[in-house]
Amino acid sequence: MENTAPLMSLKKVNMYFKKPGSVLKDSNIHVLRDIDLDIYPGEIVALVGESGCGKTTLGKIITGLYRPTKGDIFFNGENVSGLFNKKINSFNQVQFIQQDGYAALNPVRTIYQSLYAPIKTHNKKLKKAEIDKKIDELMNLVGLIPAEQFLIKYPHQLSGGQRQRILMARAISLEPKLIVADEPVSMIDVSLRLSLLNLMKDLNKKLNMSFVYISHDLSTTRYIAESGRVVVMYLGEIIETGKIGDVIANPRHPYTRALIQAVPIPDPDYKANEDLPLKSMELGNIEHRHIGCGFCNRCPYFEDICTQKVNYVHTETSDVLCNNLNKVPTGAVYKTYNK
Amino acid sequence: MVINMNKENIVEFRDVSIAYPLKKFTLQAVTNASLPLKKGMITALVGESGSGKTTLASSLIQCISEPGKVVGGDIVFNDNGNEIFINKLKDKELRKFRWEKVSMVFQAAQSALNPVMKVKDHFIETMNQHGMKKVTMEEKEAKIKKLLNFVKLDVDRVMDSYPHELSGGMKQRVMIAFALLLDPEVIILDEPTTALDVITQYFIFTLLKKINKEMGISMLLMTHDISVVAKFADYVAVMYGGRIMEYGDVHYIFKNRYHPYTRGLIGATPSILGSTKDIEAIEGNPPNLLDLPKGCIFNPRCKYCQKICQEQEPESLSIDNMSKGKCHFYKEI
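Line by line, the protein sequences give chains E and S. What the first sequence shows, in the numbering used here, is residues 1 to 339, in sequence order. What the second sequence shows, in the numbering used here, is residues 340 to 672, in sequence order.
Heads up, some of the hints might be wrong.
To be verified - Calculated cross-link-like contacts (lysine to aspartate or glutamate; reagent style EDC-like; alpha-carbon spacing at most 16 angstroms):
id, chain 1, residue 1, chain 2, residue 2
1, E, K279, S, D493
2, S, K491, E, E282
3, E, K12, E, D36
4, S, K594, S, E671
5, S, K479, S, D499
6, S, K346, S, E524
7, S, K549, E, D275
8, S, K548, E, D275
9, S, K377, S, D588
10, S, K616, E, D202
11, S, K616, E, E226
Hints in this document: simulated from the structure, not taken from any laboratory.
With the rest of the complex left out, here is chain S:
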């Protein structure tokens, strides 16, 4: 199946399924997920834990944790008009592709840095691995300084520090500088502020927004926090039980809330503004991926559930038609 890539998209997930074959059973973490990442935009992937958002995003750099693998569909990267099929890359090509085209800021910056290496050595090691061995130390250090300066860190102190000497927010900024090292075109952000408090979170996002605007780097943000999405993202995809339920422009999604799950999520988020009376919880528990309900997987928690929802699963979104929403009664509720 050949689909010509939309020029606006830098990455397309086409009908991707990812499974973890285990001893007794196979866990289907992502099922027929399609998602475009628009060039120069921030796309947010919202979902609860276990919804498959990290699995889907890590397929973009083929870093799905063992024994998971892509069992269907393609992940395509737009390299100036040439399509790169990421899931078909050989190991050697993949090593070049990672970090030079797509880099990632991991969830726990605390454990993403090597505790026995100085901050600057992390940078130098990666540069050496990516064909910059012959560059002089001064040039390398100048580049590191520029990056650390950009994320507003105290360069002289941080360069020669070990990770434990830095605070959580500082480590996260080191990780962001690190992700920028090889001038990637896409950065994956996996819950970049989860363990940080609001003020640090604010600064990190201001910084990321600046990177997005000034360097034109596209971003894929994974989060469970609807407020962060509203503030930061341009496009949003809502994920539930390994499926993309709805995708669209942030303003459009928040205004219309066509999908019952999106509506529930937005409605369940407390805000510091407005009345607290309109806030309503979603009943029930997230689905067990090994024992999915028949029909639409959201039906046991859905307020608008009908007979058809319990029998038939709604059609998945496809890359050509992302605006339909995975619901039998989309736009009717």
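Bound-form chain E, shown alone:
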């Protein structure tokens, strides 16, 4: 995959948010720090991290909903970070699937209207019959059959899983190259969750769309991005990236190790679990973080040098942002991994 050119690449992307009530530029909150990320065609990239680590912000930057404060974004080799708003509107190669299907659909429009509008806006020449046919195909693709029965309904008449499928149909209606899905299944019931994940996997294979899957749930992440890459974020920085299987089998960053150990296993035999290798359970404060490694205050392997600087280290399985890799244990977090 590395031989092909990346579909999208982010170079040193930085994002500042204005602090409410402040006029000084210095006090702006630095939410993303020097993000470098390449997304290849047909690839599933999973962004994981705690709430507040900037994963949704990054997702919105990829989609073009936010413009980064600093840094460049390349799409198919073209620099799109400086595009004017007008051009971004027609930049329909990247689509976004929101977390809450109820909030993302207009409550006073039928499903048909919600699906019709984006297709018509971007393909003004299409006739109504052609669009209808297309909508019918889309509904079939996301498994809402018979389509007519759903199209006349309003969002509140559908279940959570069905709404999420509509969002998916709307996202793929413009045939994008890349879809950013922000916690698409976190509000869905367990028994329906899996069929949605399967749908995304299918779309990824059938239509060769790239996916960016944002989640804090490593188990579903592993399921959807089986052969893809995982990007672990902490306080606005990428701290570890690698093939998801490798990272779970051999996490290198102390934070990734804690994150994986905290995931509950659906098997009561795995109950015995030692304490998490963390010094504190509070996420650091993004407003008052020092230069160097943002994980310092929770890291059990912390040294004085960490508050000054930290560099990426390229290991066999992943790229890790850590100074003390030789002190961090290696191997699987769960010893009975091969059970």
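We have chain E already, so just place chain S on it with the hints.
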């Protein structure tokens, strides 16, 4: 009907039915549910949204949201050998019973705290309401400090904070400390970690486990997350469409998976271990409580469905015999 309470149980739901009478129809949220809570143990109630788990659990403190009410069965609390019929308590007795015997940690800690009250005032108000008006402020504060310390919060900061100044995990821990305030015997946990991320979830559960072990408080945990059940609970009851489908020891349930729905649920849960190929979704949608299928309510989604399943509903579990499972072919599949 008099049933002598099993000494091991602290709470028994006996054949409880709960309905919401609405203008045009009546919604039966819980149907003939029986469930024991073992003393000093953590019992998990697993089910999807709309399966009636919150309704059933809130009947334990008679806090079912309007206009729902218990239309059949009894909820019995074991008060050192004396049976208290919770659904027959008068308002005044109920006010004493709530929080002193059974307290609850609500799902959205964000909205469970009063936004215009300081954290410590929540505690003081409740203490005053429960006959501690005459206790001096120093003693009250000492008690609050002890509790907040126990849940590992920065006491001095949190006591005088307003809820919006705390993070989600901190608020949830305040709620847990709050639930411990009057030394209850049972705590109901309604999806205590749903909005929190994995690391916070891990800490909250470690804390709850500690409370369970050290203080001997029994817990009823409501969740939809099978992995949390596996990690945390001692007993588990599986709920579907307002009915208890299966009940048993966690190891037993996970090992045998006798009920097709339990099997489906466990099989549909992705894990970070093992192969992802064995994971399989449950087809279909959860039942509409206003339009339940005839016979066994799981039959449209069941892989092992037979003719009898479409005609006759399997017998419900009863408190004397919790090990049978609500399925015609229980243990045969």
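Each hint tested on the structure:
1. Between E/K279 and S/D493 the alpha-carbon distance is near 15 angstroms, which keeps this suggested pair within the 16 angstroms criterion.
2. Distance hint between S/K491 and E/E282 is fulfilled; the C-alpha atoms sit about 11 angstroms from each other, no more than 16 angstroms.
3. Between E/K12 and E/D36, the direct Cα distance comes to roughly 5 angstroms. Compliance with the 16 angstroms bound is thereby established for this hinted pair.
4. For the hint pairing S/K594 with S/E671, the CA-to-CA distance comes to about 15 angstroms; that is within 16 angstroms, so the pair holds.
5. As the CA atoms of S/K479 and S/D499 are separated by approximately 14 angstroms, the hinted pair is consistent with the 16 angstroms bound.
6. Our distance criterion of 16 angstroms between C-alpha atoms is met by S/K346 and S/E524, whose separation comes to about 15 angstroms.
7. At most 16 angstroms may separate the alpha-carbon atoms for a hinted pair to count; S/K549 and E/D275 meet this at roughly 13 angstroms.
8. Pair hint S/K548 plus E/D275 holds up; C-alpha atoms about 13 angstroms apart against a cutoff of 16 angstroms.
9. Under the criterion of a C-alpha separation no larger than 16 angstroms, the hint pairing S/K377 with S/D588 is consistent with the structure, at around 11 angstroms.
10. With a CA separation close to 14 angstroms, the supplied pair S/K616 and E/D202 stays within the 16 angstroms bound.
11. At most 16 angstroms may separate the alpha-carbon atoms for a hinted pair to count; S/K616 and E/E226 meet this at roughly 10 angstroms.
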